[in-house]
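In the order they appear, the protein sequences are chains P and X. Each residue of the first sequence is one higher than the one before, counting from 1 in this note's numbering. Each residue of the second sequence is one higher than the one before, counting from 1 in this note's numbering.
The set of hints was computed from the structure by calculation and includes no laboratory data. The structure presented is a predicted model; accordingly, all values stated were derived computationally and were not measured. Watch out, some of these pointers could steer you wrong.
Heads up, the list lumps identical chains together, so a pair's fine if it works in one copy or across two of them.
Straight-line alpha carbon distances no greater than 27 Å define the calculated BS3-like cross-link-like pairs of lysine-lysine that follow [as the list claims (entries may be wrong)]:
1. Lys44 to Lys96
2. Lys225 to Lys296
3. Lys96 to Lys114
4. Lys302 to Lys201
5. Lys302 to Lys96
6. Lys141 to Lys201
7. Lys96 to Lys141
8. Lys201 to Lys317
Number of protein chains: 2
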Amino acid sequence: MDAKPSSDRLTLADIRAAHERIRERIHRTPVLTSTTLDQQAGGKLFFKCENLQKGGAFKARGATNAVFLLSDAEAARGVATHSSGNHAAALSRAAKARGIPAYIVMPNNAPQAKRAAVERLGGKIVFCEPTILAREAAAAKIIADTGATLVHPFDDFRVMAGQGTATLELLDQAPDLDIIVAPIGGGGLISATAVAAHGIKPGIRVIGAEPAGADDAYRSFHSGKRIPTVQPNTIADGLRSTTSERTFNEIRSHVDDVVTVSEESIIAAMRSIWEVLKTVVEPSGAVSYGSIVDKKIDVRGKRVGIILSGGNLDLDKLPWMTT
Amino acid sequence: MDAKPSSDRLTLADIRAAHERIRERIHRTPVLTSTTLDQQAGGKLFFKCENLQKGGAFKARGATNAVFLLSDAEAARGVATHSSGNHAAALSRAAKARGIPAYIVMPNNAPQAKRAAVERLGGKIVFCEPTILAREAAAAKIIADTGATLVHPFDDFRVMAGQGTATLELLDQAPDLDIIVAPIGGGGLISATAVAAHGIKPGIRVIGAEPAGADDAYRSFHSGKRIPTVQPNTIADGLRSTTSERTFNEIRSHVDDVVTVSEESIIAAMRSIWEVLKTVVEPSGAVSYGSIVDKKIDVRGKRVGIILSGGNLDLDKLPWMTT
Numbered sequence: 001m002d003a004k005p006s007s008d009r010l011t012l013a014d015i016r017a018a019h020e021r022i023r024e025r026i027h028r029t030p031v032l033t034s035t036t037l038d039q040q041a042g043g044k045l046f047f048k049c050e051n052l053q054k055g056g057a058f059k060a061r062g063a064t065n066a067v068f069l070l071s072d073a074e075a076a077r078g079v080a081t082h083s084s085g086n087h088a089a090a091l092s093r094a095a096k097a098r099g100i101p102a103y104i105v106m107p108n109n110a111p112q113a114k115r116a117a118v119e120r121l122g123g124k125i126v127f128c129e130p131t132i133l134a135r136e137a138a139a140a141k142i143i144a145d146t147g148a149t150l151v152h153p154f155d156d157f158r159v160m161a162g163q164g165t166a167t168l169e170l171l172d173q174a175p176d177l178d179i180i181v182a183p184i185g186g187g188g189l190i191s192a193t194a195v196a197a198h199g200i201k202p203g204i205r206v207i208g209a210e211p212a213g214a215d216d217a218y219r220s221f222h223s224g225k226r227i228p229t230v231q232p233n234t235i236a237d238g239l240r241s242t243t244s245e246r247t248f249n250e251i252r253s254h255v256d257d258v259v260t261v262s263e264e265s266i267i268a269a270m271r272s273i274w275e276v277l278k279t280v281v282e283p284s285g286a287v288s289y290g291s292i293v294d295k296k297i298d299v300r301g302k303r304v305g306i307i308l309s310g311g312n313l314d315l316d317k318l319p320w321m322t323t
Numbered sequence: 001m002d003a004k005p006s007s008d009r010l011t012l013a014d015i016r017a018a019h020e021r022i023r024e025r026i027h028r029t030p031v032l033t034s035t036t037l038d039q040q041a042g043g044k045l046f047f048k049c050e051n052l053q054k055g056g057a058f059k060a061r062g063a064t065n066a067v068f069l070l071s072d073a074e075a076a077r078g079v080a081t082h083s084s085g086n087h088a089a090a091l092s093r094a095a096k097a098r099g100i101p102a103y104i105v106m107p108n109n110a111p112q113a114k115r116a117a118v119e120r121l122g123g124k125i126v127f128c129e130p131t132i133l134a135r136e137a138a139a140a141k142i143i144a145d146t147g148a149t150l151v152h153p154f155d156d157f158r159v160m161a162g163q164g165t166a167t168l169e170l171l172d173q174a175p176d177l178d179i180i181v182a183p184i185g186g187g188g189l190i191s192a193t194a195v196a197a198h199g200i201k202p203g204i205r206v207i208g209a210e211p212a213g214a215d216d217a218y219r220s221f222h223s224g225k226r227i228p229t230v231q232p233n234t235i236a237d238g239l240r241s242t243t244s245e246r247t248f249n250e251i252r253s254h255v256d257d258v259v260t261v262s263e264e265s266i267i268a269a270m271r272s273i274w275e276v277l278k279t280v281v282e283p284s285g286a287v288s289y290g291s292i293v294d295k296k297i298d299v300r301g302k303r304v305g306i307i308l309s310g311g312n313l314d315l316d317k318l319p320w321m322t323t
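Assemble the whole structure, with the sequences as input and the hints as a guide.
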């Protein structure tokens, strides 16, 4: 149970072990349903509310698994990452729970809210110039100086195994699903969702939903080879990343389909979730349901699990506000 | 189990019978917790999310109980009410579930959203002039014409018994509570909360929270005699009603304290619930937590159940938006 994922592929056993490891440290998030949304869709929808997860995103699962998999000696040297969003806050939180340092490399133009979230959780922020090269260099230097372990936001089996635990819970809370839809950013959540779901229910369909403005996984999946995003342009800021070889391998092997969602449908889905489900999702968190609003998935007569992945956003700047 | 509440007082047995009657027709709403809000309060908070109830408010409980308590002969003639808010929608929904008509008297200046909600659920709207006298007259005429049963939003033991079922669930989901806080409008929810909570856990404290701008229950409770609201002035539009003799009797007998909440604290509580708990509450639904934000209840070291009563509001007009 304390072993790291042992193979070069993610397995259901890794995800189950991750769940045993983290379950007392995360929320078992509720599943919401709505007759109104079911009628609109023509199917039965089960919304897995990872926006209600600790820190407001599923990222708590992967970060907690990675941190608690470290040996005591590794842990004592801390963890590091160069992601500034929900993963940075989640890693800070997990490190705090284990009583170890978390070094967060952040561009010096990062929004104040993101800086505050990391600081509140005890993360040590290291600022750098706002380029990928500068971020990687800053992270490499911290790791060289401190011996900290890099915890990548998705290109890491420990993190991926943690993200898959949402699906273990979902299939316990709503066992008879025909389809599960999850969003795709770097591909950690969708690939772990697919491994978990197919491991438990071989016949289930797992579909990835991606903003049309950041459709690298869509183009990669349908062409069979990994194509990086060039210039992502979407309100769903958590889904602008590109898949890695590791996540794309899992997507290619385990995901049944990848669809894209228009900006208009992302915003309509987000508003509908707020109005009808009464739960606060960020744009990225609404993309999975957006695929149904956008009629990209035929859910008529089906039972569909939908992962709402996060709920962190600035309440002063809502996309339907014209200011 | 099919008997109506038999005495002139509300009892735990009535509430338990109501729960058996309605449980398959309503949501068992989740209880959310947050380490962040616990640290701010100095106690452990358990938020009972009736904003996630069917129709977005606890009102589904009472309306469903009242409708399903009717004999077949009574039911066939329908139900009527002259409330235009969450109760009207809840009564329409419950009547539709039983396949009977719901007559909803509504002032001819009622907001379009409220009219649409009732219409969508099959309620038959009867418009009248926007005065209390006109509403009562219109309701009396419908009842005379159709033989429909009046289902008052709070001054009715069948409705009150239904509202108390939220507390049965809460004390099952979080058994060791020291305090429960519920909002006060007409007093149906708070009195049923107190009867249920004290019936199950005699030592528990039940506290009612009321907007300072509609503080009739506060003044009535502390003076020992019922004082109607004169001119309610609060953003919490669901809590502008005045208690009835029936609800005030229960409040006086069973509620441990009544406190008031400033408008500023209502809005701060609402925003905090959205930001941290990621759940959409309307201003009225945030008043219970507002009492803690406003430091009117000492929760240090305590385990506190907080009923978030509703989540219906216009997302284009949020109180922190300056437009």
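Now the hints, each set against the structure:
1. Only between protomers do Lys44 and Lys96 lie at most 27 Å apart by alpha-carbon distance; the minimum there is 20 Å, versus 39 Å within a single protomer.
2. Proximity of Lys225 and Lys296 under a CA criterion of 27 Å is satisfied intra-copy only: 22 Å inside one chain copy versus 61 Å between copies.
3. In this assembly of identical chains, Lys96 and Lys114 lie within 27 Å of each other by CA distance solely inside one copy; the values are 17 Å within and 47 Å between copies.
4. Taking the shortest alpha-carbon separations for Lys302 and Lys201, only the intra-copy value of 15 Å comes in at or below 27 Å, while the best inter-copy value is 43 Å.
5. When the C-alpha separation of Lys302 and Lys96 is checked against a cutoff of 27 Å, the pair qualifies only between copies, where the shortest distance is 25 Å, while the shortest distance within a copy is 42 Å.
6. Taking the shortest alpha-carbon separations for Lys141 and Lys201, neither the intra-copy value of 44 Å nor the inter-copy value of 58 Å comes in at or below 27 Å.
7. Taking the shortest alpha-carbon separations for Lys96 and Lys141, only the intra-copy value of 22 Å comes in at or below 27 Å, while the best inter-copy value is 66 Å.
8. Taking CA atoms no more than 27 Å apart as the test, Lys201 paired with Lys317 passes in neither setting, with 41 Å inside one copy and 44 Å between copies.
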